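J.: Sequence:
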Amino acid sequence: MNKYCLFKGELVNAAPFRPGYKGSPHYVVNVKGSQGNIFKYVVNAASDEVGEDGNNNVYFYKDVAFSDPVTDTLSALPLGLHTSGFSPLDYWQDRSLLDIRRMRPIPYSDADGNRMDVNDDISDALSIDTSQPPQSLPYDNGSGEPQDRDFYPPSETGVIVYGFGFLFQPQQDGLHETHMNQGNPRGRHWKENGAFQDGAVIIKRAAGYQALFTAFQTQRLPTNAGGFPVDDAVPLPEFIRS
1 MNKYCLFKGE LVNAAPFRPG YKGSPHYVVN VKGSQGNIFK YVVNAASDEV
51 GEDGNNNVYF YKDVAFSDPV TDTLSALPLG LHTSGFSPLD YWQDRSLLDI
101 RRMRPIPYSD ADGNRMDVND DISDALSIDT SQPPQSLPYD NGSGEPQDRD
151 FYPPSETGVI VYGFGFLFQP QQDGLHETHM NQGNPRGRHW KENGAFQDGA
201 VIIKRAAGYQ ALFTAFQTQR LPTNAGGFPV DDAVPLPEFI RS
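The sequence shown: position 49 = 49 (my numbering), numbered continuously.
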């Protein structure tokens, strides 16, 4: 991965991931920086690997009353991209950030419309109004073949969204890895482990801050000071149950 960073932007619109969309399942958030340029955050709506629960649900926690010293720094930052001058996030070492045991497996789309899925959780946090007519816009998930997706407007103006993660390469027009970036077992994500480089999305609305935290069933805890799982680490579902 490239250098860990933060982007502060004003919310423009967002596209929940729908069945039938091609590529890796991500919820897409469009924001604009100080120059008015569109910048994207992508949030995993599902995993690309099946976990011990037998499905690809992500582990997710939405803090609807987020309160942490990190917000003091965030509010002072100008709009745009930052590679320093902010507090990096660590789900494991910074116990004030969140209680990992509050994370739960959530599907990206429920069958009964009860708003119990990742798409709805993210939309609610952002004030995205999916009852409004969407705007069909091309989105390239990295395949080089853009596909139209339905982007919906927010119901609240002036929503500020902070994305923590890593830049798209080579375009550098958005952030991915907006999830826990430690505890990966040996395999293709092993080299992505690290400390104080976890991704997240933090939202500032008129009523206060909310925060979205995502992790995967296959990730393991505890981790060491370098973000790698220790010898007796267990998969996230087992850790949460313990």
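Keep in mind that the hints were calculated from the coordinates and are not lab data. Please read all numbers here as calculations on a predicted model, not as lab measurements. Among the clues, some could well be false.
Below, a list of computed lysine to aspartate or glutamate pairs in the EDC-like style, where the Cα atoms sit at most 20 Å apart [claimed, not checked]:
#, residue 1, residue 2
1, 191, 48
2, 204, 49
3, 22, 177
4, 32, 140
5, 204, 148
6, 3, 173
7, 204, 124
8, 204, 10
9, 191, 177
10, 3, 99
11, 204, 140
12, 204, 145
13, 22, 140
14, 22, 48
15, 191, 90
16, 204, 72
17, 22, 129
18, 32, 150
19, 22, 49
20, 32, 68
21, 32, 145
22, 3, 177
23, 191, 49
24, 204, 48
25, 191, 231
26, 32, 231
27, 3, 156
28, 22, 145
29, 22, 156
30, 32, 129
Pair by pair, the computed Cβ-Cβ distance ranges are [stated by the list, open to error]:
#, residue 1, residue 2, range
31, 129, 85, 25 to 35 Å
32, 76, 52, 22 to 32 Å
33, 158, 85, 18 to 28 Å
Ideal Cβ placement from N, Cα and C applies to all residues, glycine included.
J.: Does each hint hold? Answer for all of them.
T.: Each hint tested on the structure:
no., hint, result
1, 191 x 48, "holds, 17 Å"
2, 204 x 49, "violated, 32 Å"
3, 22 x 177, "holds, 19 Å"
4, 32 x 140, "holds, 18 Å"
5, 204 x 148, "violated, 28 Å"
6, 3 x 173, "holds, 14 Å"
7, 204 x 124, "holds, 13 Å"
8, 204 x 10, "holds, 10 Å"
9, 191 x 177, "holds, 13 Å"
10, 3 x 99, "violated, 26 Å"
11, 204 x 140, "violated, 27 Å"
12, 204 x 145, "violated, 33 Å"
13, 22 x 140, "holds, 10 Å"
14, 22 x 48, "holds, 13 Å"
15, 191 x 90, "holds, 17 Å"
16, 204 x 72, "holds, 12 Å"
17, 22 x 129, "violated, 23 Å"
18, 32 x 150, "holds, 18 Å"
19, 22 x 49, "holds, 16 Å"
20, 32 x 68, "violated, 25 Å"
21, 32 x 145, "violated, 23 Å"
22, 3 x 177, "holds, 11 Å"
23, 191 x 49, "holds, 17 Å"
24, 204 x 48, "violated, 30 Å"
25, 191 x 231, "holds, 17 Å"
26, 32 x 231, "violated, 43 Å"
27, 3 x 156, "violated, 32 Å"
28, 22 x 145, "holds, 10 Å"
29, 22 x 156, "violated, 30 Å"
30, 32 x 129, "holds, 19 Å"
31, 129 x 85: 25 to 35 Å, "holds, 33 Å"
32, 76 x 52: 22 to 32 Å, "violated, 42 Å"
33, 158 x 85: 18 to 28 Å, "holds, 23 Å"
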